[in-house]
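*Asks:* Chain by chain, the residues run as shown.
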Amino acid sequence: GENVEQHPSTLSVQEGDSAVIKCTYSDSASNYFPWYKQELGKGPQLIIDIRSNVGEKKDQRIAVTLNKTAKHFSLHITETQPEDSAVYFCAALYNFNKFYFGSGTKLNVKP
Amino acid sequence: DTGVSQNPRHKITKRGQNVTFRCDPISEHNRLYWYRQTLGQGPEFLTYFQNEAQLEKSRLLSDRFSAERPKGSFSTLEIQRTEQGDSAMYLCASSLESTRERAFFGQGTRLTVV
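Sequence order for the protein chains is A and B.
So that you can map any letter, position 30 of the first sequence is 23 in the working numbering, and since no number is skipped, the others follow by simple counting.
So that you can map any letter, position 90 of the second sequence is 101 in the working numbering, and since no number is skipped, the others follow by simple counting.
Calculated directly from the structure, the hints in this document are not laboratory data.
Please read all numbers here as calculations on a predicted model, not as lab measurements.
Backbone N, C-alpha and C define an ideal beta-carbon position, used for all residues, glycine too.
Any given hint might turn out to be false.
As the list claims (entries may be wrong) - Restricting the straight-line Cα-Cα distance to at most 27 Å, the calculated cross-link-like pairs of lysine-lysine (DSSO-like) are:
1) B/K68 - A/K30
2) A/K15 - B/K22
3) A/K15 - A/K64
4) B/K22 - A/K99
5) A/K30 - B/K25
6) B/K22 - A/K35
7) A/K61 - A/K35
8) A/K35 - B/K68
Claimed, not checked - Now the stretches of chain B that chain A is said to cover, found in silico as 3 or more residues with beta-carbon under 8 Å:
9) 55 to 63
10) 87 to 95
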C-alpha cells in the first residue's frame, strides 16, 4: 500500500504571511496528489491537485510542488487570510483506485 | 446544489443497533467511494464502486459493514450491531471514470454510538 506523512500537524501564521505544508509518500507508483481543505463539521474540499508529470502548479494564492525523485510534495499558500484557517490534507492516489491521506495540518491565520 | 449529498448529517445510536447511511454522488459520476474519518486523522479508505460493482474493500470493512450501489447511482452503507469504536465521520466521494483522480467529497455523516 501507500503511506503518506504530513508535516507540520499545526501551523500558526500572521495574516499576510506565507504557509507551507509538506508531505512525503512511499509508493513510487502513486501519480496523482490532491490537496483538500476541511472546515469544522464539513467534508474535505478539493483545492488544488498535481499529476506526476508536472513539477509545479499554481492557482491564485495557492501552489503545489512535486519532487518525484524525493517522493515529496508541498502546498504553498501566499498572502494568507483568516478564511484560510482550516485543516489541510494531502493525499496520494494509489493504484488508480484509492487515496491515502496524510494526518492533516491545522492552519491558524491570525488577523 | 449538484455536489455529493449525504444523509443523515448526524446519527446517534445505541450500541448494538443497526444504522444505514445514504450517499448521492454528483450526477454522472460513475465512481463512488466511502471513507471513514476519526477525530484528528485523515480519511481512511473503506470501499469503492465502479457503477454498481463494488471493486475493492478495505480490511477496515468488517463483516458488520456492507455497502451497496444497486443501480449505479446512490449508495448505502450499513453498519450492523454498532460498537463504540464505529463512532466516526463517514465520508462519501465521487468521481468520473475519465478523470477518476478528481474526487469530490460530501459533507459526511457523523455517527455517534453511545
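*Asks:* Now, for every hint given, state plainly whether the structure supports it.
*Replies:* Right, here's what the structure says about each hint:
no., hint, in the structure
1, B/K68 - A/K30, "holds (26 Å)"
2, A/K15 - B/K22, "violated (35 Å)"
3, A/K15 - A/K64, "holds (11 Å)"
4, B/K22 - A/K99, "holds (26 Å)"
5, A/K30 - B/K25, "violated (32 Å)"
6, B/K22 - A/K35, "holds (15 Å)"
7, A/K61 - A/K35, "violated (31 Å)"
8, A/K35 - B/K68, "holds (24 Å)"
9, 55 to 63, "holds (count 3)"
10, 87 to 95, "violated (count 0)"
The structure fails to meet hints 2, 5, 7, 10 from the earlier list, while all remaining hints are met.
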